[in-house]
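As a plain string of letters, each chain reads:
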Amino acid sequence: NAGVTQTPKFQVLKTGQSMTLQCAQDMNHNSMYWYRQDPGMGLRLIYYSASEGTTDKGEVPNGYNVSRLNKREFSLRLESAAPSQTSVYFCASSEGADISPLHFGNGTRLTVT
Amino acid sequence: QKEVEQNSGPLSVPEGAIASLNCTYSDRGSQSFFWYRQYSGKSPELIMFIYSNGDKEDGRFTAQLNKASQYVSLLIRDSQPSDSATYLCAVNGGNTGFQKLVFGTGTRLLVSP
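Protein chains in written order, with this note's numbering: chain C, 294 to 406; chain D, 4 to 116.
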């Protein structure tokens, strides 16, 4: 079992470039999430998908789009990267029940110059 | 007021001592509470969750919840150098619903040999 797999692990973009962060889980979880983590700010929710076919905004959705491709995969797209989007991005999944914990991927460290 | 507050630390304890990590939350309707451990450069991993008032023990870890005071804590007994990490408190339920886990910024714990 791989759990939650994110690609790529590292990425450097120039301002204005676009990219897609990929995430896949093999735990048959219903819910998937994208968080960003910045020093002093903690983990902040960008978007989440409570179940296949649905997506909702989190705390910091501006500048991002998501696609829940199927039950396993949830991608995050930056259409026009900005230096403020330099961060570590974590994908996570959960069963979706009220006390089900999040299982995190290994993260993507993104730098926008 | 932040939704979930933690002292950023570092909290320094000697090996073998009890480390006490604290977290307060603002949404009185919050119902589920999680503690994650995050080593530097790694993804968060779940240590414990609690949803009833009182104590919950798991090995060297004890989570304590007091909903009236909106306070949750994590005690680590017989602290080891390998416990040195950042500990994240997270809550859900309440106004944000169960799908959104809100994280504190974390407390850095240093256990000295």
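Simulated from the structure, these hints should not be mistaken for laboratory data. This one's a predicted model, so the numbers in the text were calculated from it and none came from an experiment. Careful: at least some of the hints might be erroneous.
To be verified - Beta-carbon label-pair distances, calculated as ranges:
| hint | chain 1 | residue 1 | chain 2 | residue 2 | range |
| --- | --- | --- | --- | --- | --- |
| 1 | D | 23 | C | 399 | 24 to 34 Å |
| 2 | D | 55 | C | 296 | 46 to 56 Å |
| 3 | C | 300 | D | 13 | 30 to 40 Å |
| 4 | C | 312 | D | 81 | 25 to 35 Å |
| 5 | D | 62 | C | 363 | 31 to 41 Å |
| 6 | D | 73 | C | 349 | 24 to 34 Å |
As the list claims (entries may be wrong) - Rough simulated footprint, nothing fancy, chain D against chain C, three-plus residues with beta-carbon under 8 Å:
| hint | region |
| --- | --- |
| 7 | 311–323 |
| 8 | 396–404 |
In this text, a Cβ means the ideal position worked out from N, Cα and C, and glycines have one as well.
We went through each hint and held it up to the structure:
1. 23/D <-> 399/C: 24 to 34 Å: This hint holds: roughly 30 Å between Cβ atoms.
2. 55/D <-> 296/C: 46 to 56 Å: 28 Å Cβ-Cβ, so the 46 to 56 Å window is violated.
3. 300/C <-> 13/D: 30 to 40 Å: Check passed, 33 Å falls within 30 to 40 Å.
4. 312/C <-> 81/D: 25 to 35 Å: violated, 45 Å
5. 62/D <-> 363/C: 31 to 41 Å: holds, 37 Å
6. 73/D <-> 349/C: 24 to 34 Å: This hint holds: roughly 26 Å between Cβ atoms.
7. 311–323: violated (count 0)
8. 396–404: holds (count 5)
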